[in-house]
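Participant: Sequence:
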Amino acid sequence: MTTISLPQRSTTNSHCSDIPQHPLGSKAKVLFTSVFGPYAQDDEFGSRKLNPMELYHNQVTRVQGPFSLRMFHRSWGIMMIRDNIANPTTLLDFPTYDRFVEEITTKQYDVIGITSIMPNMHKAKHMCELIRKHQPNATIVIGGHIANVHTLSEFLDADHIVQGEGISWFRKFLGQNAEAPVKHPRILSGFGTRSMGITLRDKPGDVAASLIPSVGCPLGCNFCSTSHMFGGKGKFIEFYKTGDDIFQIMCDLERDLKVNSFFIMDENFLIHKDKALRILELMQQNDKAWSLYVFSSANVLRTYTMEQLIGLGISWVWMGLEGKDSKYTKLKNIDAHELIRNLQANGIRVLGSSIVGMEEHTPENIDEAIEYSASFDTEFHQFMLYTPIPGTPLWKEHEDAGTLVDPECKNTADSHGQLRFSHVHPNIPAGMETNMLVRAFTRDFEVNGSSVIRVFRTTLKGFKKHRNHPDERVRRRFFQDGKDLAITGAAAVWACRKWFKDNPAMYRKMDDLLAEFYHTFGIKSRLVAPLGGRYILKQLKAEQKRLDEGWTYEPQTFYEKTNQPDAHTAPVKTTFAVGNWQAPLATPQI
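Position in the sequence shown counted from 1, then plus 855, gives you my numbering.
What the hints contain is simulated information worked out from the structure, not anything from laboratory work. Any given hint might turn out to be false.
[To be verified] Here are the simulated SDA-like cross-link-like pairs (lysine to any residue), alpha carbons at most 25 Å apart as the crow flies:
| # | residue 1 | residue 2 |
| --- | --- | --- |
| 1 | K1182 | R1298 |
| 2 | K962 | C983 |
| 3 | K1319 | R1331 |
| 4 | K1128 | N1154 |
| 5 | K1027 | Q876 |
| 6 | K1128 | L1074 |
Predicted, not measured: the structure shown is a model, and the values here were computed from it.
Using the sequences and the hints, build the whole thing.
Facilitator: Structure below.
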């Protein structure tokens, strides 16, 4: 019988009392795995070429062709659990089908944990079947966003489905102290990063560390599956409760990973103002010129002064814009355009997120909504369909109204917010939403150009404004952020201008930006931009040719062991991810 557990860390440290315990406790051999690849293809297990294992190319830069930002992120959840249990543990991240089968047919495990998202339900189901066949005595545990699917226990054969935070659940399941302090894993924020046909360098200091201080979001937007996963509106789970705790972890990550920037995976990090300002105080006291990449809502950002944001090293913000006349309180009475322009003027790059298919959207007004989103000219713009996800208030609303397309979640492969509605829209006929979404991405690219070039643009703004800042620590951070502007940035803009030579509006925009680079960096940029630009232009054309021939991008497989005689962890230096029709790309690095 499958048990469904909902462990949550609360302020009173109470936990569910019905979590079972494995008879072997800390001696149980554990395997954690993500679902098998390849991912960017259409197959019988629910993979979709439209839904690759790439956040940016999937949801943000998907129509930008060779300019699209291509990168992968590790399965952070199972890495955190792995580092917080005492058991001999193996982690298999992004395995191929054959590699997963090899692992479960050549090694014996007592517990096998699978993490997955909802579109990969059929993969998770098949993995459970393979485990039952080859390791019938293993206990199967399912977690991740897939656990929110209310019919999951009937769909696949698992022993436990864990909803919410899994560290305390596994500790209790394995007979360990569920209340012990949480150890933070050493994780680089991404790997396999490439754009414009070039694989970006991953030398120490060039890739941010991932920092996960808490999960869940107290704002609890009605469509947000992450908020629901960790308790819903008004609730979140803190792993580290003070600014001092977080600062110490940042120092540890800086030392071990040789980084000076942090991608903070917290749904609304700056909402904890006392904590954030304490980190600022410690950064000032210890002369830390760090860059922080954060998620934040507009209403929270507005509570900080610009000097506080700059002092904290806020360099990049993911912000929900949702749509014109949004009903969400996080945008109430806020001039989001003014807020974003002020952030960008100070070198803070913005990823705006908009929803296509809100209740008020119609075929007649959707283009107005798209123009509104494009008018922000954020460095990146995510577009997602308004999608009810199991467990969210939006799902319950449509369930009660009888307007869900697949209420039993039997066909989830396309439930990823990039293809079709999972409910009956009151105004938009079924099937029309697909084109609307593509139009949104396309319009943003037409009006604002390459996201990567926009990043260079705004980084240049911040560098020019703050290179003479009175605080040497702040100056140092802006020089760190701008170290690639004079050569790489100028060359990329030169190549982009050439690429858009038949697009008068975009050509002028690139010409003006290139002139700004030349004015700022002088002869250095003037000499190097045409040389480097010709090389980048060549790479752009080669990348476009690969894409036209059907090339897709897949993450490499990671295999790591802990608490074992032959234990090893993944090297800090990442290696190339691979395309689906050739050996790993040997493209030069910049």
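Participant: Each hint needs a verdict: does it hold in this structure or not?
Facilitator: Against the structure, the hints come out as follows:
no. : hint          : result
1   : K1182 / R1298 : holds (24 Å)
2   : K962 / C983   : holds (16 Å)
3   : K1319 / R1331 : holds (13 Å)
4   : K1128 / N1154 : holds (12 Å)
5   : K1027 / Q876  : holds (7 Å)
6   : K1128 / L1074 : holds (15 Å)
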